[in-house]
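Asks: Chains as they are written, first to last, in numbering that gives the first Met the number 0: chain A, 0 to 323; chain B, 0 to 263.
Quick caveat, the hints were computed from the structure, so don't treat them as lab data. Any given hint could turn out to be false.
Part of the chain A face toward chain B, derived, beta carbon under 7 Å [said to hold, decoys possible]:
1. 24
2. 65
3. 68
4. 70
5. 72
6. 90
7. 94
8. 98
9. 107
10. 109
11. 111
12. 114
13. 121
We put the CB at the ideal spot given by N, CA and C, even for glycine.
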Amino acid sequence: MIHTKKLTKTYRLFEKEAGLSGSIKSLFNRKYTYKTALSDFDLDISEGEFVGLIGPNGAGKTTLIKLLTGIIAPTSGEISVLGYYPNKLENSFKMQYAVVMGQKSQLFFELTAADTFLLFKELYNIPADVYQKNLDYFVSLFDVGDLLNVQVRTLSLGERMKMELIAALLHSPRVLFLDEPTIGLDAVAQRQIRMFLRDVNKEKGTTIILTSHYMENIKSLCKRCVVINQGEKIYDGSTDFLFEKYQVHKKITLHFAEPTDFALPQGCEIIEKNPLKCAFFAPFESTQQIAYAMMRQYELSDITIEEDEIGSVVERIYNNRAGE
Amino acid sequence: MNKYLEVAKISFKAQIVYIFDVCIAAVYMVTKILFAYVLWGAVFRENETVAGFTYPAMFTYYIFSSFLSQIELSGNVSEEISSSIRRGTFSKFMVIPAGTQTYFIAQTFGVMLFYLVFILAASVAWTVLFRARFMMTSNPVLILEAIIMIILGLVFMIQLNYFLGILAFKYLDISAFLMIKSNVVAFITGSLVPLSLLPDAVITVMRIFPFYYVTYLPSMLLIGKNTEEALTGIIVLSAWFLLFTVLNKIAYNKLRVIYDGVGI
Numbered sequence: 000m001i002h003t004k005k006l007t008k009t010y011r012l013f014e015k016e017a018g019l020s021g022s023i024k025s026l027f028n029r030k031y032t033y034k035t036a037l038s039d040f041d042l043d044i045s046e047g048e049f050v051g052l053i054g055p056n057g058a059g060k061t062t063l064i065k066l067l068t069g070i071i072a073p074t075s076g077e078i079s080v081l082g083y084y085p086n087k088l089e090n091s092f093k094m095q096y097a098v099v100m101g102q103k104s105q106l107f108f109e110l111t112a113a114d115t116f117l118l119f120k121e122l123y124n125i126p127a128d129v130y131q132k133n134l135d136y137f138v139s140l141f142d143v144g145d146l147l148n149v150q151v152r153t154l155s156l157g158e159r160m161k162m163e164l165i166a167a168l169l170h171s172p173r174v175l176f177l178d179e180p181t182i183g184l185d186a187v188a189q190r191q192i193r194m195f196l197r198d199v200n201k202e203k204g205t206t207i208i209l210t211s212h213y214m215e216n217i218k219s220l221c222k223r224c225v226v227i228n229q230g231e232k233i234y235d236g237s238t239d240f241l242f243e244k245y246q247v248h249k250k251i252t253l254h255f256a257e258p259t260d261f262a263l264p265q266g267c268e269i270i271e272k273n274p275l276k277c278a279f280f281a282p283f284e285s286t287q288q289i290a291y292a293m294m295r296q297y298e299l300s301d302i303t304i305e306e307d308e309i310g311s312v313v314e315r316i317y318n319n320r321a322g323e
Numbered sequence: 000m001n002k003y004l005e006v007a008k009i010s011f012k013a014q015i016v017y018i019f020d021v022c023i024a025a026v027y028m029v030t031k032i033l034f035a036y037v038l039w040g041a042v043f044r045e046n047e048t049v050a051g052f053t054y055p056a057m058f059t060y061y062i063f064s065s066f067l068s069q070i071e072l073s074g075n076v077s078e079e080i081s082s083s084i085r086r087g088t089f090s091k092f093m094v095i096p097a098g099t100q101t102y103f104i105a106q107t108f109g110v111m112l113f114y115l116v117f118i119l120a121a122s123v124a125w126t127v128l129f130r131a132r133f134m135m136t137s138n139p140v141l142i143l144e145a146i147i148m149i150i151l152g153l154v155f156m157i158q159l160n161y162f163l164g165i166l167a168f169k170y171l172d173i174s175a176f177l178m179i180k181s182n183v184v185a186f187i188t189g190s191l192v193p194l195s196l197l198p199d200a201v202i203t204v205m206r207i208f209p210f211y212y213v214t215y216l217p218s219m220l221l222i223g224k225n226t227e228e229a230l231t232g233i234i235v236l237s238a239w240f241l242l243f244t245v246l247n248k249i250a251y252n253k254l255r256v257i258y259d260g261v262g263i
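Here chain A stands alone, though its shape is the one from the complex (with noise of 0.2 Å):
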């Protein structure tokens, strides 16, 4: 479905001097980098599969996306998606994917979701029947019935993301782009969208692949992960995996209700330490008992326990395969 072979983007990148001399400098003789955001990238993925793209900023999840929907067109290599070239932009092409950026809308902001999705019907020419089949199905599964006819701009972020999600999912496109979507969102918003795609895969069999910073979106729902550092493929292969290997601490955050001297448990990483807050890694798979030590041992206001940072992960896949 998904097929490419020593795709390469190159970006030219413009260059200029701080200060005033150096931007009247730049008129006279302009300088470009260049920039490879992806370097030789092979990647298959085959339909109803659930991939998780993973990597730090600029790693190159991004560029990819945009060369897979078309946006962009590649440097050298092989790209295919669907039997089609993408940036050739063909109709018949988009009819049947979707793609939805976290900091992009399609939605009009001025007017109701339910005026962009009477759009994209028509967009999209979407029978009648199917489309109310797909608008109702959808909208249940996000229970936002009580907010199709209020105006986006008025919306939260999260009511919003899931309005996208909607627009781009009712004309039932066999694969779903998505980039960083839940960015920026709470808790709760995070898991509905969790839910809801996982649904959507299932169901609807549509093939998804996400990008995202955050480790639970990728753990909970792609069986297999990709990851890309500095343009390059690092991993490709079972998330489970990916992260009993590399996923080696969790970093706990003790609130002291008042002054407390600390003892660092044996096994554990001090990241910051003050007579009231002290956070620290601790080993990953005892995590949970020093979790309960800490909270009979010490008086407590608050505990956090947060997944190792994406950042992290792959700094230890990088560093493991360099020293291999």
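Starting from the structure of chain A, add chain B where the hints point.
Replies: Showing chain B alone in chain A's frame:
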């Protein structure tokens, strides 16, 4: 076709949301009429005709040309395209199954329709209220020719602005192109001065270009003047329309491949 009708509808709906804009647009048009009433009233106090125009003919010409230049909103197209290319949000037009040029034509017509309804209502109310002396042709063929010319002219102007807008793929900042265009168009379309006041040689050259037929000639036809130029006007505008249809298709396909989609 339905999809573009829906694009026009959604643009129209988006305009209605801002009721203050409706009022300002109507007041602006009324102010223009008032200005014409006072200005041309003063000029014609001493003369029966000026450059072959009687007072009612000049007043009517001014009303029509002002009205047409006000509903000619194609400038928004180049602004929207260039800013969305610079901000990296143009991708939203690339991923939907619709032709981008036709999408922008439909979108602009939706906005035009909104202005057409409200400004026309304000203009008619004003002229009736002040019993302004109006001199419009009653010849249905001339009116039809003028309407065809107006539609072709408006579409052409959108095409021109679409072309300038997509130049942002290459140049990013197209404000210099837009400034030159708006000054040239304001003069050549006759929205500042009736073109018949200009030397014949200048008008002959202008007849090759489409701008002459966008505001000036339809306004003249509607007051029953320059009738012999109607067919030529439609042919010239059609030729420019076809030329830009092809040019924009080629330019878009050539330029969009250098789009990086970076911005936000």
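Asks: Decide, hint by hint, whether the structure agrees.
Replies: Evaluation of the provided hints:
1. 24: Violated, about 18 Å.
2. 65: holds, 5 Å
3. 68: holds, 6 Å
4. 70: Residue 70 (chain A) check passes; min Cβ-Cβ to chain B is 4 Å, inside 7 Å.
5. 72: Since the shortest Cβ distance to chain B is 4 Å, the answer is holds.
6. 90: Result: holds, 4 Å to nearest chain B Cβ.
7. 94: holds, 5 Å
8. 98: holds, 5 Å
9. 107: At about 6 Å, which falls below the 7 Å cut-off, the nearest Cβ of chain B leaves the hint on residue 107 (chain A) intact, so it holds.
10. 109: The hint holds - residue 109 (chain A) has a Cβ within 7 Å of chain B, the shortest such distance being about 5 Å.
11. 111: violated, 9 Å
12. 114: holds, 6 Å
13. 121: At 4 Å from the nearest chain B Cβ, residue 121 (chain A) passes the 7 Å test, so the hint holds.
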